[in-house]
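Let the hints inform the model, and build the full structure from the sequences given.
If you read the sequences in order, they're chains A and B. Letter by letter, the first sequence follows residues 420 to 676 of our numbering. Letter by letter, the second sequence follows residues 420 to 676 of our numbering.
Don't read these hints as lab results, they were simulated from the structure. Accuracy of the hints is not assured; some may be wrong.
Because identical chains share one entry, a pair is satisfied inside a single copy or across any pair of copies.
Distance condition first, Cα-Cα at most 30 Å in a straight line; then the derived DSSO-like pairs of lysine-lysine [unchecked claim]:
1. K558 / K421
2. K676 / K437
3. K423 / K557
4. K530 / K437
5. K572 / K437
6. K572 / K423
7. K558 / K423
8. K675 / K606
No experiment lies behind these values; they were computed from the predicted model shown.
There are 2 protein chains.
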Amino acid sequence: MKSKLTVIKVGGKIVEEKHSLSHLLDDFSSVEGHKILVHGGGRSATRIATQLGIENRMVDGRRITDAETLKVVTMVYGGLVNKSIVAGLQSRGINALGLTGADLNIIRSVKRPVTDVDYGFVGDIEQVDSVLLTELIKKSIVPVMAPLTHDGKGNMLNTNADTIAAEVAKALSSAFDVTLIYCFEKKGVLRDEEDDESVIPCITRPDFERYMSEGIIRGGMIPKLENAFNALDAGVSEIIITLASALDNNQGTRIKK
Amino acid sequence: MKSKLTVIKVGGKIVEEKHSLSHLLDDFSSVEGHKILVHGGGRSATRIATQLGIENRMVDGRRITDAETLKVVTMVYGGLVNKSIVAGLQSRGINALGLTGADLNIIRSVKRPVTDVDYGFVGDIEQVDSVLLTELIKKSIVPVMAPLTHDGKGNMLNTNADTIAAEVAKALSSAFDVTLIYCFEKKGVLRDEEDDESVIPCITRPDFERYMSEGIIRGGMIPKLENAFNALDAGVSEIIITLASALDNNQGTRIKK
Numbered sequence: 420m421k422s423k424l425t426v427i428k429v430g431g432k433i434v435e436e437k438h439s440l441s442h443l444l445d446d447f448s449s450v451e452g453h454k455i456l457v458h459g460g461g462r463s464a465t466r467i468a469t470q471l472g473i474e475n476r477m478v479d480g481r482r483i484t485d486a487e488t489l490k491v492v493t494m495v496y497g498g499l500v501n502k503s504i505v506a507g508l509q510s511r512g513i514n515a516l517g518l519t520g521a522d523l524n525i526i527r528s529v530k531r532p533v534t535d536v537d538y539g540f541v542g543d544i545e546q547v548d549s550v551l552l553t554e555l556i557k558k559s560i561v562p563v564m565a566p567l568t569h570d571g572k573g574n575m576l577n578t579n580a581d582t583i584a585a586e587v588a589k590a591l592s593s594a595f596d597v598t599l600i601y602c603f604e605k606k607g608v609l610r611d612e613e614d615d616e617s618v619i620p621c622i623t624r625p626d627f628e629r630y631m632s633e634g635i636i637r638g639g640m641i642p643k644l645e646n647a648f649n650a651l652d653a654g655v656s657e658i659i660i661t662l663a664s665a666l667d668n669n670q671g672t673r674i675k676k
Numbered sequence: 420m421k422s423k424l425t426v427i428k429v430g431g432k433i434v435e436e437k438h439s440l441s442h443l444l445d446d447f448s449s450v451e452g453h454k455i456l457v458h459g460g461g462r463s464a465t466r467i468a469t470q471l472g473i474e475n476r477m478v479d480g481r482r483i484t485d486a487e488t489l490k491v492v493t494m495v496y497g498g499l500v501n502k503s504i505v506a507g508l509q510s511r512g513i514n515a516l517g518l519t520g521a522d523l524n525i526i527r528s529v530k531r532p533v534t535d536v537d538y539g540f541v542g543d544i545e546q547v548d549s550v551l552l553t554e555l556i557k558k559s560i561v562p563v564m565a566p567l568t569h570d571g572k573g574n575m576l577n578t579n580a581d582t583i584a585a586e587v588a589k590a591l592s593s594a595f596d597v598t599l600i601y602c603f604e605k606k607g608v609l610r611d612e613e614d615d616e617s618v619i620p621c622i623t624r625p626d627f628e629r630y631m632s633e634g635i636i637r638g639g640m641i642p643k644l645e646n647a648f649n650a651l652d653a654g655v656s657e658i659i660i661t662l663a664s665a666l667d668n669n670q671g672t673r674i675k676k
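Have a look at this one:
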């Protein structure tokens, strides 16, 4: 039987504020078995870029990453946020290892082709090398992954943390029984956006299609769930969308085949 | 017989400018056998701190690291400089892994006690854990180490890159035949500071004592050489002080027992 691995993606807000980070790391520490933390850091990147006089340009919530912005996200995601988490986990007795996709050549991407929008130095993932990652995890090392990859030609690339979490979860599903948890600012997928308590406990693909046709699931939640079902098709056992503070209990929305 | 390991420390200037970094990475790539790169990044840290409106305070060439400065060095050393090197080495087919002392708990430090000077969040190294590092190196992984450690209580600490290189070289000398190379802005230890060609090819401890008494070796070179002899006493096979651009030939000053 494959051993269990939990891949947890946490957004920027939670990891960028000292108190909520501390709380998250306590919760993350209590998750049993092998685990990986994938983090964001967008708010800090925006703040530091602003302080450095670099304009923050976003299209549909995605950052346009020019050469100067790439330096900022490499500093903030790969340095500031990543190492705060690593040091915090080490202080909790967890043998964390901070990684970008460039380290150990774990995630190689291609610079997103320019279409209507030129996203700049943004990576679309081509390949996850799970061999070394699997060995490290089996030694009880806990990878902490920043939303950065590389192109194999010497350039770092800014890469969506949700996508990194999904691709890493898929790549490791041949070696582990993988649960992928997206920590979210809501308690889960809501039946009514205005009612924080209206969490849908479980969504299968037929449910998803019905909810979409009924207009209950819409907007940015649609691609999130599409990605979740793709990950299930690619071998991930279970996907959970929940609050970061609910990591250690049985809440949120479970996405199942 | 132990296999050969070369630990190379390069200062900030070389790794912070695109052209000289590219040159260095070419030279580093051609160094045969197992290897580790330890880098600085002080000039970038000074520049970014200035842009962020943080005052750069130095005492005897050492940075006073208050909480805001710690964030800057964590970003710059652990993110910007480290990941530029890692991506650059990956593009040259070298399986680089960027590390701070917090990652894998490799280097634990203690915050420097306040005496006449309060250096702030500066680490004095207590312990290097070479077990995992040895395993990684034997898998042909090339560690790229930023001048940052942690205190085991959740804090990163700014740590001198020369010291990191020496302590890592010492800790690995039981598993490897270690050569430690300090890349320097001069061709080696000079007999005459005004004459760049006056390199002393080899210095033993009796030579060192004689040169000191004659006033030929003085100033900042004295602690550098003291550290070198300490490293030899602790098991490092050879120490070389040379130009970064001379990595791949037989120049510089060799420090021998």
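We went through each hint and held it up to the structure:
Taking identical chains as interchangeable, the C-alpha atoms of K558 and K421 lie at most 30 Å apart whether they share a chain (15 Å) or sit on different chains (25 Å). For a Cα distance limit of 30 Å, the shortest separation of K676 from K437 qualifies neither inside one copy, at 37 Å, nor across copies, at 49 Å. Proximity of K423 and K557 under a CA criterion of 30 Å is satisfied in both settings, with 11 Å inside one chain copy and 28 Å between copies. Proximity of K530 to K437 under the C-alpha cut-off of 30 Å is restricted to the inter-copy arrangement: shortest distance 20 Å between copies versus 33 Å within a copy.
In this assembly of identical chains, K572 and K437 lie within 30 Å of each other by CA distance solely across copies; the values are 14 Å between and 36 Å within a copy. Taking the shortest alpha-carbon separations for K572 and K423, only the inter-copy value of 29 Å comes in at or below 30 Å, while the best intra-copy value is 35 Å. In this assembly of identical chains, the alpha carbons of K558 and K423 lie at most 30 Å apart whether taken from the same copy (14 Å) or from different copies (26 Å). With identical chains, the CA atoms of K675 and K606 are at most 30 Å apart within one copy only, with a shortest distance of 17 Å there and 64 Å across copies.
Hint check: a violation occurs at hint 2 only; the rest are consistent with the structure.
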